[in-house]
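Q: Chain residues, written in single-letter form:
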Amino acid sequence: MNPSYQITVEIGGMPILLHTQDDSFRQLLARRYAGFVDSAAPPRFEFDIELTTPSRKAPDEEVRVEIRQGTWWLRRGDFRAQWNPYARRGRIRQSANPYSIDSVLRIVHTLILAQEGGFLLHSAGAIRNGRAFLFSGVSGAGKTTISRLAPPDVILLTDEVSYIRRVDAGYRACGTPFAGELARVGENCSAPIGSLFFLAQGPENKIEPMANAEAVRRLMRNILFFTEDVALVDNVFQSACEFVERVPVQRLTFAPDSRVWQMIG
Amino acid sequence: MSVKYIAKSSAIASRLLGGEMMVMSSADSTFFTLNPVATVVWQAADGVTPLSDIVADHVCAEFEVDAETAHRDVERFVEELSQHGILLVSETPIAGSATSPTEAA
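Chains as they are written, first to last, in the working numbering: chain G, 335 to 599; chain Z, 12 to 116.
Watch out, some of these pointers could steer you wrong.
As the list claims (entries may be wrong) - Taking CB as the label site, the calculated pair distances span: (1) G:Gln416 x Z:Ser21: 41 to 47 angstroms; (2) G:Ile489 x Z:Val100: 31 to 37 angstroms; (3) Z:Ser40 x G:Gln449: 31 to 37 angstroms.
To be verified - Part of the chain Z face toward chain G, derived, beta carbon under 10 angstroms: (4) Ala24; (5) Arg26; (6) Leu27; (7) Ala38; (8) Asp39; (9) Phe42; (10) Pro47; (11) Val48; (12) His69; (13) Glu73; (14) Val76; (15) Thr80; (16) His82; (17) Ser101; (18) Ile105.
Stated by the list, open to error - From chain G, some residues computed to sit far from chain Z (all C-beta separations above 12 angstroms): (19) Ser373; (20) Thr405; (21) Leu490; (22) Asp502; (23) Ala549; (24) Arg551; (25) Arg555; (26) Thr561; (27) Asp563; (28) Ala565; (29) Asn569; (30) Cys575.
Just so you know, these hints were derived from the structure itself, not from any lab.
A virtual CB, placed ideally from N, CA and C, is assigned to each residue, including glycine.
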């Protein structure tokens, strides 16, 4: 019988147990998800990882995510995965690399969050004075820049993907290991969201209100989502609307220099 | 003039937020914000009420607009949304359409 190694990766307070028969791959995952590994946490879901030889197909091939008879099927050039949320188990076939498992985990978390009123948002996130602030926008809008400019009292949750959970009547932002240009893993902590800013760069720092429709439109554009499943798309859309109803969404234009942080928190 | 019936597609998500109706296509994420007149028509699009009755009973009754202008504007709005597959248009009643709870709220 082959030995089995396991590691629990907990992102957004959602522990997922990964089984592999390759200890060097387990060690790779431990390094990749350092700060987000919690062997004591009872897992919500478990995945068996079957390692294969590297695929010749390009990893940037379009991802396909479909549900058939209660099982989600995830497919891209570099991985195949299936996951049954009711059985709480899944299976991943990929080569021994950190990028494929990273993509599978992102997709699985979007599917979990969509059922719970939350979502993954393409944004930087940080905690200041006990509240989380999110900075979203298209590539080049300044997510990495504003993260770099953060003063020492700011806890960086992510410079790339924010994990947003619905909690009671509000929302919390959680740190993620999904890094962007800073190549720096966020802190594994969370805080209630104080505000979401859509970034623009300009000659002076200013914060302006944003109309609901524009806020929902921009939010939907930046939520990570990979399936056209009608019910789940509807869930995410309703979640975006509820988020806009409960959390201030504003436009933040910044110079950019560190004085912008005088306006935040 | 033939009788028209309109119904919402099942492949859309919609919600009334701050008095504005927002509609998104699940297939291609096309996003629309409806004006107050279009919102009234959208909410009344039950698949069984003739479009002419919707215009008379909802648009003309609730807004200060003459019947001819209302019909012209509504026809244009219905055509635009139907081109995006968001509204279904038929010369016979459309079975199985319903208003979602979030719209009614």
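Q: State for each hint whether it applies.
A: Consistency of the hints with the structure:
no.	hint	result
1	G:Gln416 x Z:Ser21: 41 to 47 angstroms	27 angstroms, violated
2	G:Ile489 x Z:Val100: 31 to 37 angstroms	53 angstroms, violated
3	Z:Ser40 x G:Gln449: 31 to 37 angstroms	20 angstroms, violated
4	Ala24	4 angstroms, holds
5	Arg26	5 angstroms, holds
6	Leu27	9 angstroms, holds
7	Ala38	6 angstroms, holds
8	Asp39	9 angstroms, holds
9	Phe42	5 angstroms, holds
10	Pro47	13 angstroms, violated
11	Val48	16 angstroms, violated
12	His69	22 angstroms, violated
13	Glu73	21 angstroms, violated
14	Val76	23 angstroms, violated
15	Thr80	25 angstroms, violated
16	His82	26 angstroms, violated
17	Ser101	21 angstroms, violated
18	Ile105	18 angstroms, violated
19	Ser373	40 angstroms, holds
20	Thr405	21 angstroms, holds
21	Leu490	30 angstroms, holds
22	Asp502	20 angstroms, holds
23	Ala549	9 angstroms, violated
24	Arg551	5 angstroms, violated
25	Arg555	8 angstroms, violated
26	Thr561	10 angstroms, violated
27	Asp563	8 angstroms, violated
28	Ala565	9 angstroms, violated
29	Asn569	8 angstroms, violated
30	Cys575	5 angstroms, violated
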